[in-house]
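> Chain residues, written in single-letter form:
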Amino acid sequence: MLGRLLQVVASRWFRLVLVTLLVLSLQTTLFSEIRPFGYSVQLIAIYVAVAGAVHDARVGAIVGLVSGLMYDAVLATPLGISGLVLGAVGAGAALLLQPFRDPTWWLRILAVSVAASLGEVLLPLVKAVVGLGGWLTARVAVVALVTFVGGLVFCTPLIPVTRWTLRERVSIGRR
Amino acid sequence: MAQGKTNLTRAVLLLALASVFLITLDLGDSNSTSRVRRLFDTVFAPVENVSRVVTRPLSDAWNSFRTYDDVVAENNRLKEQVALQEGAAVAAAASVRLSQELLALNGLPTLAGINSVTAQVIGETPSNFSQTVEINQGSNSGIKVGMPVLNAAGLIGKVTEVFADRALVMLLSDPDYALSVKVVTKSSRTPVTLPPLPTEDAPTVDSVLDSSQTSTTSSTTTTTTTILGFTPSATTIPAEIVSGGGSNITVPIASQLSVRETGILEGRGPGSQPIVRFLDATTRAEAIEVGAPIVSAGGSRSLAPPDIVIGVVSRVVERLGTAGPVLEVELVANLSNLSFLRVLLYQPITETGR
Numbered sequence: 050m051l052g053r054l055l056q057v058v059a060s061r062w063f064r065l066v067l068v069t070l071l072v073l074s075l076q077t078t079l080f081s082e083i084r085p086f087g088y089s090v091q092l093i094a095i096y097v098a099v100a101g102a103v104h105d106a107r108v109g110a111i112v113g114l115v116s117g118l119m120y121d122a123v124l125a126t127p128l129g130i131s132g133l134v135l136g137a138v139g140a141g142a143a144l145l146l147q148p149f150r151d152p153t154w155w156l157r158i159l160a161v162s163v164a165a166s167l168g169e170v171l172l173p174l175v176k177a178v179v180g181l182g183g184w185l186t187a188r189v190a191v192v193a194l195v196t197f198v199g200g201l202v203f204c205t206p207l208i209p210v211t212r213w214t215l216r217e218r219v220s221i222g223r224r
Numbered sequence: 046m047a048q049g050k051t052n053l054t055r056a057v058l059l060l061a062l063a064s065v066f067l068i069t070l071d072l073g074d075s076n077s078t079s080r081v082r083r084l085f086d087t088v089f090a091p092v093e094n095v096s097r098v099v100t101r102p103l104s105d106a107w108n109s110f111r112t113y114d115d116v117v118a119e120n121n122r123l124k125e126q127v128a129l130q131e132g133a134a135v136a137a138a139a140s141v142r143l144s145q146e147l148l149a150l151n152g153l154p155t156l157a158g159i160n161s162v163t164a165q166v167i168g169e170t171p172s173n174f175s176q177t178v179e180i181n182q183g184s185n186s187g188i189k190v191g192m193p194v195l196n197a198a199g200l201i202g203k204v205t206e207v208f209a210d211r212a213l214v215m216l217l218s219d220p221d222y223a224l225s226v227k228v229v230t231k232s233s234r235t236p237v238t239l240p241p242l243p244t245e246d247a248p249t250v251d252s253v254l255d256s257s258q259t260s261t262t263s264s265t266t267t268t269t270t271t272i273l274g275f276t277p278s279a280t281t282i283p284a285e286i287v288s289g290g291g292s293n294i295t296v297p298i299a300s301q302l303s304v305r306e307t308g309i310l311e312g313r314g315p316g317s318q319p320i321v322r323f324l325d326a327t328t329r330a331e332a333i334e335v336g337a338p339i340v341s342a343g344g345s346r347s348l349a350p351p352d353i354v355i356g357v358v359s360r361v362v363e364r365l366g367t368a369g370p371v372l373e374v375e376l377v378a379n380l381s382n383l384s385f386l387r388v389l390l391y392q393p394i395t396e397t398g399r
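Here the protein sequences come in this chain order: A and B.
Each residue of the first sequence is one higher than the one before, counting from 50 in my numbering.
Each residue of the second sequence is one higher than the one before, counting from 46 in my numbering.
Treat the hints with care, as some may be off.
Unchecked claim - In silico lysine to aspartate or glutamate, EDC-like type, Cα no more than 16 Å apart, as pairs:
| id | chain 1 | residue 1 | chain 2 | residue 2 |
| --- | --- | --- | --- | --- |
| 1 | B | K50 | A | D105 |
| 2 | B | K50 | A | E217 |
| 3 | B | K189 | B | D210 |
| 4 | B | K189 | B | E375 |
Unchecked claim - Quick list of the computed label-pair ranges, beta carbon to beta carbon:
| id | chain 1 | residue 1 | chain 2 | residue 2 | range |
| --- | --- | --- | --- | --- | --- |
| 5 | A | L156 | B | A209 | 34 to 40 Å |
| 6 | B | A63 | A | E217 | 19 to 25 Å |
| 7 | B | N94 | A | V58 | 21 to 27 Å |
To be clear, the hints were calculated from the coordinates, so they are not data collected in a lab.
Quantities reported herein were computed from a predicted structural model and do not represent experimental measurements.
No residue lacks a Cβ here, since even glycine has one placed at the ideal position from N, Cα and C.
Full structure from sequences and hints, please.
This is the structure we're talking about:
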């Protein structure tokens, strides 16, 4: 029993939840205060995109879905919306790099920034689909641009963080 | 390896389906999603508090760097404004008190009868697609979902999520926010001035006052004050009451009092002014003046009690056909710079049980 508990605590998925809590706390404190041009840099989206770019589409999607559900629990938005969007961001970042056998560092940063900024376009779209319209305005383009630049800046420090978090080679459900 | 990938795919599918399921539950105002949020908050709040303390120097440095000049300029302007308004505020407070007494006397609802909780804004929304602020009071202080939130200027929004010691307030500018309001417009016609009644028809003072028991003395009371911007007027009591003298009386007829158009106020996101729509189709745009005050309409199903100041009409957009005009609203509260707020402990019927 104790051994199994230790195994769970030592798994990368448990570490993922803890690290995501820390990233989320930075998002809700520091990055909600620091607003370049009045827009918040979405560190959580960049973190998810980095996870997808460093690993594969499946891992990126899981990191996105878990982080998104946690983000929704903090926000006043319906639970699950950010989960779906960030899941797509994580998988999207990996899929953008799929055509390249050995992507260079700058290509990885570019893919992360593009995926994170596309996520910021996707979020108001999904909100509109579930009936929470009113956000699909021209400012979405500026929000995406700010997140793109944020991706260029914060991708590099987040790569070792996600590598360490998801280092373990144990899959979900494997005994 | 192949087994691991299959498991991961299953996990992705499971999480995606769970997300869709949760969206459906949450949009249906399910209590279970509120419980999930509260549970998550108990885990997340300590982490967030530590993070806030650790990152405060950085955010303070950023704010100092960005807004120092603006803050100095604003401080000077506000000092001047405070000096000017100090006197006016005293007079206004007296008027408000009188109005509240009159409303209470007539059994009408007033804000004075509603308890409130003062709260401080501790955080802004981390998302670019929601207009919320976080306050440092929650269910422990009696705050519930749906309660209206004000600052010193007027209404700023409503409570949307409540945790033990904090709550989220959706601002008026959020596109998901809607509130029934009334626009107080002026009557275009001037009140009728009635001529004095003929002496023989006018009621004598004796029927009102017993002159033998009433001593009337002429006196003029002048109040002096050191309050800037406040000029007290002299109150003069007439030397004697002229029996049947009669004077011109200005009588506002009911149909000529201020007209109150009702509509729905809707937020349009940051940077855009909220609008009022669904005004009565028969309302002509010319009947509504720019600068007309907008207050909450109240009513049993309204999100806020009546007569909370919201803003003034900044633009009237007339629409063709039977659609009534759309009004753009300049809010009296500055939503980008909120500090201390007042949560009215008034839960609308539509939000009870949440």
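> Confirm or reject each hint.
Comparing the hints with the structure gives:
1. B:K50 / A:D105: Distance of about 10 Å is within 16 Å: holds.
2. B:K50 / A:E217: With a Cα-Cα distance of about 14 Å, the restraint between B:K50 and A:E217 holds, given a limit of 16 Å.
3. B:K189 / B:D210: Measuring from Cα to Cα gives roughly 12 Å; hence the hint holds.
4. B:K189 / B:E375: Between B:K189 and B:E375 the Cα gap is close to 28 Å, so the pair fails against 16 Å, i.e. violated.
5. A:L156 / B:A209: 34 to 40 Å: Violated - the Cβ-Cβ distance for A:L156 and B:A209, about 47 Å, lies outside 34 to 40 Å.
6. B:A63 / A:E217: 19 to 25 Å: Hint holds: Cβ distance 23 Å, inside 19 to 25 Å.
7. B:N94 / A:V58: 21 to 27 Å: Since the Cβ atoms of B:N94 and A:V58 sit about 24 Å apart, the hinted range of 21 to 27 Å holds.
Going through the hint list in order, the structure does not satisfy hints 4, 5.
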